[in-house]
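Given next are the chains, with one letter for each unit.
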Amino acid sequence: MRNTSMKRSWNGMVGRALVLAATIVAVTCEESCAENWPGWRGPDRNGVSRDTGVPLNWSADANVAWKTPLPGSGISNPIIFDDKVFVTASDGKNLANLHVICLARDTGRIRWHQRLWGTAPTRFHGNKSSMASPSPVTDGRHVWAFFGTGDVFCLESNSGQLAWHRSLSGEYGVIENRFATSSSPLLYRDTILLQVDHYGDSYLVALDRKTGSNRWKVDRPGRWLSWSSPQLIRLKGGRHEFIVCGSQRVESFDPGTGRALWTAGEMRRECIPTPLFINGRLYVVSGPSGPSMRIRPGGSGDVTKTHVEWKNPRGSPFVPSAIVVGKRYYLVTDSGIATCLDTETGKQVWQKRFGGGFTASPVAAGDRIYWVNESGVTLVIRGGGDRYEELARNAIGESVFASPAISQDRFFLRTTRHLVCLKGAPGTSP
Amino acid sequence: MSWTRVLVLWLVVGLTVGRLGPAVWAEEITDDLATVARTGPGGRGSVAARKATDRLARNGLELLPRLLEAMDTDNIVAANWYRTVYEQITRRELARDPVPDFPVSLLKTYVTNPKRHGRVRRLVLDLVERLEPGTTDSLIPGLMADPEFRDDAVAAALARGDRARKAGRTREASGEYRKAFQAARNSGQIGTAADRLKAVGQEVSVVTHMGFVTNWFLLGPFDAPGTTGFELVLPPEKQVKTAVDLAATYAGKGGGRIKWGRHQSGDRFGQSNLNAAIAAVKEAVGYAYTEVISPRKQSVQIRCGADDNITIWLNGKQVLRRLQWLNGTRLDRFRASVTLKKGRNRMLVKVCQGPQHKNPAVPNNWSLQLRFCDAAGGGVGVTSGLPEIARKNAAVSRESGR
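Same order as they appear, the protein sequences are chains A and B. Heads up: take any position in the first sequence, counting from 1, add 2, and you land on my numbering. Heads up: take any position in the second sequence, counting from 1, add 4, and you land on my numbering.
There could be a bad hint or two in this list.
Claimed, not checked - Below 20 Å or equal to it, Euclidean Cα-Cα: the simulated EDC-like pairs (lysine to aspartate or glutamate) are: (1) 95(A) to 133(B); (2) 321(B) to 295(B); (3) 95(A) to 78(B); (4) 346(B) to 378(B); (5) 95(A) to 58(B); (6) 95(A) to 249(B); (7) 349(A) to 411(A); (8) 95(A) to 336(B); (9) 112(B) to 73(B); (10) 95(A) to 76(B); (11) 119(B) to 166(B); (12) 329(A) to 344(A); (13) 95(A) to 130(B); (14) 313(A) to 376(A); (15) 55(B) to 268(A); (16) 321(B) to 287(B); (17) 212(A) to 58(B); (18) 95(A) to 141(B); (19) 95(A) to 295(B); (20) 95(A) to 155(B); (21) 95(A) to 91(B); (22) 263(B) to 249(B).
Derived from the structure by calculation, the hints contain no laboratory data.
Required output: the full structure, derived from the provided sequences and hints.
See below:
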């Protein structure tokens, strides 16, 4: 009897412990599996989320968790960190009125809204562009926002209070380009790295995260304008490289010092897409008629003849960045022609007309790739395979030029008027 | 020490400081505003500014006059720090029920003062509009010559003209369009106003209004392999301090003789296509020469753009030199402050033509656009001094009764 009682008690303890452990694992998994989207193109800056419960279907009315109007205009992607969503915009005379807005991830309620002045709008930019094209970046405690006015702001993420402001255009000259600057900053250790390529004096600069002061600045005489966002890669030996596309070449720099490491040619004069770094290889593209290239990073000097593993001019976009899912590399042109290449050989796997114009870059979760056209229709296809497989087409009913974001199983679409948070239908899973 | 004693001590200190408050408070505000003013390049002063703005933001509407004074600065970094304080105070006060009395009269005076910084005036106008809806519509039409609100006033005049025209009141529409045209300094609005005037039967000259130089002697192409043209010193540059010899001939690109030829741009915004006017070539140098008559000695701006790059000599002195290949000709891209003497002024311009872009589909433009204007972008009464065109101008002036 006693043994039985003890056994029951023991079993009960074990059972409770298991339940507790399972709960801890579940909570931990929920937290660790539910990713943030802390900057341009997500956690690894390649458009890919590790989230597993991202919605497949929606419409203007269905599976909308919330929808919040945004001021002005901007094509920066929303960024998400824990329970906050950050987005930038610009409006007013010469689009020099800048906005950084923080919304509650669960409700879309505006938690704070910081309004600031820009130094000088990008000169010669077209009517369609905004000063809020670069996406902000966050580490959860601070948000850093770069605008086409040449201003970089550091704000406290909880309050929106200004921590520092740099007027790069005031210090180094007004940015000049015809679509307005769109290069998004990235974080490296205790610095924020920026690529400022334009008609005038182009440069790269590393700013101290806490104070905004220069850690290093590299002038780029002769570099033409570009809109490409830089990439940060980590090689097997632990070496980091700061990768920059622009003016007919891809270049690598030491992110800690700005020292030039290597360069590869064959790019077009004007570069927009962001380079990808997947499984130790760089994928770069510049268009509209330039090639996609796979490059083995880590060299020194001119590596065009030694480190470019394949090159294919098919399907190169001017604006949208590419994406890799599995062993497949995907592109869509601005006019909606999609191309799938094999990552190992660079050979074409399929080509398909998606329909509509494209400015936004694709994102992916699992084997699903989400392509949002300018009419606001999101085409979802299965990625990684040998053939084209369409899974869904979802119309949000508003124009979209900003790249979407995925975080914590939610899909965030920035239309020309709203920020929309989409959720999976109850009881559905991929 | 017991907690009661600590509390009492705090109360005493608090009351004492409260009595001394205004003086201490005023001094602290002065210090904090000065701290923010010291922010600047390189993130300078941010940590101190953060603390200072926290303290400043605890104040109420009584801080507004001093804050507006401080915000009226060319230091954009400091202006933004001040703005964060302004936003916090105004947001907090506007949320009160009832809304307290804002110093509306002072705010309106600030808005209409053209010496204040435009971005702050606009910010304050937004606040006044919230407090007294309709203020913007009532103020803007009177700000046609205002450096900040000119474009808004011109847009309002164009809209009034459109409404009048739609209602069949053509004369009234014409008056509004003319007011808009005369006040406009923005090329888009100037073009729109000119189009609207044409639609009601009135022709105006965008070229004269904006001060474009359209009459030239052109010379070229000189041979300049690759991108060597910018540094090449060719015969017209050697003559610039004395007199450019318009009768001379030179060895041109390809071996033929080249000489100066007259050119008049017919472009609405005064642009000259040198591929058409000189020759469709690559890797070359061309020159443009003109003489302009200024009605008086005056300080003006030269605003120009060129594809590929440009050097300008005015009355024998180099006044602008910009090296930029394949950049496109863009309105007012480059600026230089110069002094025109009364009467005849001589100007030589050098424009290079670079190599073909790597992509053969990219057109190899070769062009020039140049104007004399005031700081706001309006024409300054300069006319062409080239002989035959001057006679034509005089005839046009007589015909139009000017």
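How the hints compare with the structure:
1. For the suggested pair residue 95(A) and residue 133(B), the alpha carbons sit about 17 Å apart, so the restraint of at most 20 Å is met.
2. Distance check on the hinted pair: residue 321(B) and residue 295(B) sit about 14 Å apart at the alpha-carbon level, within 20 Å; holds.
3. The suggested pairing of residue 95(A) with residue 78(B) holds, with an alpha-carbon distance near 17 Å, which does not exceed 20 Å.
4. As the CA atoms of residue 346(B) and residue 378(B) are separated by approximately 16 Å, the hinted pair is consistent with the 20 Å bound.
5. Under the criterion of a C-alpha separation no larger than 20 Å, the hint pairing residue 95(A) with residue 58(B) is inconsistent with the structure, at around 29 Å.
6. About 48 Å separates the Cα atoms of residue 95(A) and residue 249(B), which puts this hinted pair outside 20 Å; it is violated.
7. For the proposed pair residue 349(A) and residue 411(A), the alpha carbon gap of about 33 Å is over 20 Å, so the pair is violated.
8. At roughly 19 Å between alpha-carbon atoms, residue 95(A) and residue 336(B) fall within 20 Å of each other, so this suggested pair holds.
9. This hinted pair checks out: residue 112(B) and residue 73(B) have alpha carbons roughly 14 Å apart, not beyond 20 Å.
10. As the CA atoms of residue 95(A) and residue 76(B) are separated by approximately 18 Å, the hinted pair is consistent with the 20 Å bound.
11. For the suggested pair residue 119(B) and residue 166(B), the alpha carbons sit about 32 Å apart, so the restraint of at most 20 Å is broken.
12. Restraint check: the Cα-Cα separation between residue 329(A) and residue 344(A) comes to about 6 Å, which is no more than 20 Å; the hinted pair holds.
13. A distance of roughly 13 Å separates the Cα atoms of residue 95(A) and residue 130(B); the hinted pair therefore holds under the 20 Å criterion.
14. For the hint pairing residue 313(A) with residue 376(A), the CA-to-CA distance comes to about 29 Å; that exceeds 20 Å, so the pair is violated.
15. With a CA separation close to 51 Å, the supplied pair residue 55(B) and residue 268(A) exceeds the 20 Å bound.
16. In summary, the hint linking residue 321(B) to residue 287(B) is not supported, as the alpha carbons are separated by about 26 Å, beyond the 20 Å threshold.
17. Restraint check: the Cα-Cα separation between residue 212(A) and residue 58(B) comes to about 18 Å, which is no more than 20 Å; the hinted pair holds.
18. The straight-line distance between the Cα atoms of residue 95(A) and residue 141(B) is roughly 16 Å, inside the 20 Å bound, and the hint therefore holds.
19. At roughly 38 Å between alpha-carbon atoms, residue 95(A) and residue 295(B) are farther apart than 20 Å, so this suggested pair is violated.
20. Between residue 95(A) and residue 155(B) the CA atoms are separated by roughly 9 Å; this keeps the pair inside 20 Å, and the hint holds.
21. Restraint check for residue 95(A) and residue 91(B): satisfied, since their Cα atoms lie roughly 19 Å apart, inside the 20 Å limit.
22. Taken as a hint, the residue 263(B) and residue 249(B) pair is honoured in the structure, with Cα atoms around 10 Å apart against an allowance of 20 Å.
Violation of the numbered hints given earlier is confined to hints 5, 6, 7, 11, 14, 15, 16, 19; the remaining hints are satisfied by the structure.
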